[in-house]
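Using the sequences and the hints, build the whole thing.
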Amino acid sequence: AVQLKVLARSATGQRISVYTNLTNGPRQPGDKDGPEQFHLVVVDNGRSRVLASKYRQLLRCIRCGACLNACPVYRAIGGHAYGSVYPGPIGKLLTPLFETLVGRADLPQVSALCDACRDACPVRIELPEMLILMRDDLRRLGQVPLSQRAGFAAWAKVMTHPWLYRLAWRTARAGLTLESLQGWVQRIPPAGSPWTDARDLPLPADRPFHQVWDQTLKHASGIPQPPDNVGGPTPTPLPQQAQAEHERDHGIRRPHAEPVSA
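Here the working numbering is used: the first residue of the sequence shown is 832, the next is one more, and so on.
Hints are supplied without guarantee of correctness; some may be wrong.
Cβ-Cβ distance ranges computed for the label pairs, FRET-style [stated by the list, open to error]: (1) L890 x T931: 16 to 22 Å; (2) Q868 x L890: 24 to 30 Å; (3) V872 x E957: 27 to 33 Å; (4) L890 x P1039: 41 to 47 Å; (5) P1039 x G934: 39 to 45 Å; (6) G1014 x D1045: 22 to 28 Å; (7) S1052 x I963: 19 to 25 Å; (8) I908 x P976: 17 to 23 Å; (9) H1050 x P1021: 29 to 35 Å; (10) E957 x V873: 24 to 30 Å; (11) L1032 x R878: 40 to 46 Å; (12) W1000 x S884: 38 to 44 Å; (13) L972 x R997: 34 to 40 Å.
Read the hints as simulated data drawn from the structure, not as lab findings.
Note that CB positions come from ideal geometry on N, CA and C, so glycine has one too.
In structure tokens form, the structure reads like this:
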């Protein structure tokens, strides 16, 4: 009874769905209808192997689809892109386990690890943790391409050294600015060309977030500040400034409260 309540509410928001079937066994003496015999066929399909592994908690899945609805990747590419009867976050794990980990090594990589699936799961399966474990298994099996390993190593180096991060950001922005059109880049070098094959890339901001945040805090504290970015590109306006400029450019006037006379 508890599982039926959790399943329908997590899947469609209903108390019970039309896909719920109740089976009560063969017909008993005195019953007017019902089957004479009842046979239950349990298909293992590799589940015993999963039960004995570190991925055993995946078998708690009740197939409600809540993780699919919450996953930004699934919402963007749809279910057919997974090439399996198990799409979405849970499918990225079950399909390699039921079929072959090496043959479906691409599936665990199709995740942003945003934790949305874990938050939506009614039975609290640690899907992001399982995805990380499976990625580590693929690494141990040598299924991570050299280009990907080199890319992540370079990314880790840049992200752990602020001066390298600033240098990389300035270099990337300068190079992409030359290829940009109205703030969008239509083609980038081969390492990232698969992205721009199907979509444009927004030009990086003229200032990194930490600079904007520091300035915002200083303005909030009332500390006088010198002019920003003298001789450089025009800084990105703060949200309040951008809103004011938008209203001014479009002739939008905010209603003002009338003064109350004593």
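Going through the hints against the structure:
Between L890 and T931 the Cβ separation comes to about 19 Å, which falls inside the hinted range of 16 to 22 Å. A hinted range of 24 to 30 Å holds for the C-beta pair Q868 and L890, which are about 29 Å apart. About 31 Å separates the C-beta atoms of V872 and E957, a value consistent with the hinted range of 27 to 33 Å. The supplied range of 41 to 47 Å is met by L890 and P1039, whose beta-carbon atoms lie about 44 Å from each other.
Taking 39 to 45 Å as the suggested C-beta distance range, the pair P1039 and G934 conforms, at roughly 41 Å. Checked against the given bound of 22 to 28 Å, the beta carbons of G1014 and D1045, roughly 24 Å apart, stay inside it. Hint check: S1052 to I963, Cβ distance near 40 Å, so the stated range 19 to 25 Å is violated. For I908 and P976, the hinted distance range of 17 to 23 Å is satisfied, since their beta carbons lie about 21 Å from each other.
The hint said 29 to 35 Å for the Cβ distance between H1050 and P1021, and at roughly 42 Å that hint is violated. Between E957 and V873 the C-beta distance comes to about 26 Å, which sits within the given range of 24 to 30 Å. At roughly 42 Å, the beta carbons of L1032 and R878 sit within the given window of 40 to 46 Å. Checked against the hint of 38 to 44 Å, the C-beta distance between W1000 and S884 comes to roughly 42 Å, which is consistent with it.
Look at L972 against R997: about 37 Å separates their beta carbons, and that is inside 34 to 40 Å.
Consistency note: the structure conflicts with the earlier hints numbered 7 and 9.
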